[in-house]
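Peer 1: Top line first, the protein sequences correspond to chains A and B.
Start counting the first sequence at 0; every next residue gets the next number (numbering that gives the first Met the number 0).
Start counting the second sequence at 0; every next residue gets the next number (numbering that gives the first Met the number 0).
Accuracy of the hints is not assured; some may be wrong.
Stated by the list, open to error - Selected chain B positions facing chain A (in silico; Cβ < 10 Å): (1) Q29; (2) V81; (3) N143; (4) D144; (5) G147; (6) L154.
Said to hold, decoys possible - Chain B residues, not near chain A, derived (Cβ > 10 Å throughout): (7) A38; (8) N57; (9) G62; (10) S66; (11) W77; (12) N104; (13) G124; (14) N136; (15) G137; (16) K167; (17) N188; (18) T210; (19) P218; (20) K230; (21) T242.
Worth flagging that the hints you see were computed from the coordinates, not collected in a lab.
The model shown is predicted, which means the values in this text are computed figures rather than measured ones.
The beta-carbon is built from N, C-alpha and C at its ideal position, and this holds for glycine as well.
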Amino acid sequence: MNTLKQAYYPCAILCIFLAGCGDQAKNAEKTQAQQSAAAQLESVQKLVTQTTQTYHAMDNPTLLKKLTEQSEQKKEPFNSLAYRELVKRKDVSSDALVSVVKETKSADGLLPLLLLRDLDNKGYQELPVELRVDVLTDALHTSKNFNTWGLPGFYVEAASKALIECGTSAIPALKRMLSDTRPAPVFGSKMHMEYLSRKYRLCDYALFLLERIQGNEKFAQPLSVAERDVLIQEALK
Amino acid sequence: MNAPKSNQLFRPITAVCVAAALVGLLASCQPAVECGTWAFGDTPNGDSYGISSSFTFNPAACGQNCSCDVDCIIQMTWVYDVDSQTYILDHADEGNGSVKATTDNWEIDQWDTWGYAYYGLQNNGVFANGFNNPGGNGVATTLNDGPGGYGPSTLFFALDVAVCYNSKTCQNKILGSYFWAFTTDTNSNTAPVANVTGWTGIESEFQDAVTVWNTKWVPFSTTIVINDGTKTLPSAVPLPTLTDL
Numbered sequence: 000m001n002t003l004k005q006a007y008y009p010c011a012i013l014c015i016f017l018a019g020c021g022d023q024a025k026n027a028e029k030t031q032a033q034q035s036a037a038a039q040l041e042s043v044q045k046l047v048t049q050t051t052q053t054y055h056a057m058d059n060p061t062l063l064k065k066l067t068e069q070s071e072q073k074k075e076p077f078n079s080l081a082y083r084e085l086v087k088r089k090d091v092s093s094d095a096l097v098s099v100v101k102e103t104k105s106a107d108g109l110l111p112l113l114l115l116r117d118l119d120n121k122g123y124q125e126l127p128v129e130l131r132v133d134v135l136t137d138a139l140h141t142s143k144n145f146n147t148w149g150l151p152g153f154y155v156e157a158a159s160k161a162l163i164e165c166g167t168s169a170i171p172a173l174k175r176m177l178s179d180t181r182p183a184p185v186f187g188s189k190m191h192m193e194y195l196s197r198k199y200r201l202c203d204y205a206l207f208l209l210e211r212i213q214g215n216e217k218f219a220q221p222l223s224v225a226e227r228d229v230l231i232q233e234a235l236k
Numbered sequence: 000m001n002a003p004k005s006n007q008l009f010r011p012i013t014a015v016c017v018a019a020a021l022v023g024l025l026a027s028c029q030p031a032v033e034c035g036t037w038a039f040g041d042t043p044n045g046d047s048y049g050i051s052s053s054f055t056f057n058p059a060a061c062g063q064n065c066s067c068d069v070d071c072i073i074q075m076t077w078v079y080d081v082d083s084q085t086y087i088l089d090h091a092d093e094g095n096g097s098v099k100a101t102t103d104n105w106e107i108d109q110w111d112t113w114g115y116a117y118y119g120l121q122n123n124g125v126f127a128n129g130f131n132n133p134g135g136n137g138v139a140t141t142l143n144d145g146p147g148g149y150g151p152s153t154l155f156f157a158l159d160v161a162v163c164y165n166s167k168t169c170q171n172k173i174l175g176s177y178f179w180a181f182t183t184d185t186n187s188n189t190a191p192v193a194n195v196t197g198w199t200g201i202e203s204e205f206q207d208a209v210t211v212w213n214t215k216w217v218p219f220s221t222t223i224v225i226n227d228g229t230k231t232l233p234s235a236v237p238l239p240t241l242t243d244l
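Chain A on its own, in the form it takes in the complex (with noise of 0.2 Å):
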């Protein structure tokens, strides 16, 4: 009996251990595609880790210094490392964000502006406002992907809410915008899908923001160039 006992165990993970080989060889080729892209996925989740513990050990002025130059690259503030690190802090010096949006008063000034509106929003309100439209119509003008925007009548991202925020003073640099067709690309998955299906332009953006600005809560772009242009042209008088 003992000697039964003895012989179960080895042959039972024998067993498994064939059952599993069998299944192994019977999927060797999926199975090796698939250890592949598990593999690649590993590494590279590795390095995000990575990177986010180097952002989350750099000090308040290396990260805005990184936070400028991102800005400057045209970085959505989601997608930003320093933006991401940044607005985790509390010790983030608002007269520091208010300085270097002072000195660039353009696009490249955008995501320590909206940094400073998302940690200090009575510093950031007591900016001028003409200084907060230049900055944000100036990176709306020069944006290449409007990721940072949203996505009219799907998503109003932190960019626009600000930017409806600064009321009638944002009016004419938008109404400057309602001329200019290029196209608004979005990156994503059914974002970039949308984006191709309805062929948002850089004035569909602006007649967004003009209505949402005038008050319009309930604007819906329509689907078609056409029927937006129409609504363009009746903006521009």
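Once you have looked at the hints, place chain B on chain A.
Peer 2: This is chain B only, laid out in the frame that chain A set:
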């Protein structure tokens, strides 16, 4: 000669431990259960990457017997920027991040204004034409996606998970999964990287995404308007517990 008592006790315990370790080892690298077949088609076109991910349920393929009246697909995605070595979001739904994201930054791919996690299911309970038509036994459910617009050196990963949405016997069962990925070159042109059926590890990541959807996104969604144009919902809809068939 009899072995000492301690040795007699040690042998079975060791054997059980070794067996458990082997089972664990084998399970972690095993393909996930596939109760049907996937047909995947991709169309790289400049900076866009059109895909058609189609699953045809056949319970016999995994030794089961079940009639699934409606099956459909849930998609989760993860995007990586090689140059800055970080993940990329296409929008932020709270503050500066994504409420739907797992700690590994996978998230269920769905508009914020659509309440259901099922890729093509609108708020009115009707599957939208074109995104993901439902299927059933022997009838394919096909998900169409067209991600793109990303900058150079991007890696886009997705997992499509076929689930039984409506059935008397196998509702809320995972029927199979499919992993696909593409990259962009220095000119942002897309090219395939991988397309292969799922494995147990990636399905575990999917379960994390389901948990985040239910525990974080659903409560958060009460603070926004969940209106996809067909119906307004009070919040996003929790996913049921999804288990392998």
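Peer 1: Each hint needs a verdict: does it hold in this structure or not?
Peer 2: We went through each hint and held it up to the structure:
no., hint, verdict
1, Q29, "holds (7 Å)"
2, V81, "holds (8 Å)"
3, N143, "holds (9 Å)"
4, D144, "holds (6 Å)"
5, G147, "holds (5 Å)"
6, L154, "holds (7 Å)"
7, A38, "holds (15 Å)"
8, N57, "holds (17 Å)"
9, G62, "holds (13 Å)"
10, S66, "holds (27 Å)"
11, W77, "violated (8 Å)"
12, N104, "violated (7 Å)"
13, G124, "holds (19 Å)"
14, N136, "holds (24 Å)"
15, G137, "holds (23 Å)"
16, K167, "holds (31 Å)"
17, N188, "holds (14 Å)"
18, T210, "holds (18 Å)"
19, P218, "holds (20 Å)"
20, K230, "holds (16 Å)"
21, T242, "holds (20 Å)"
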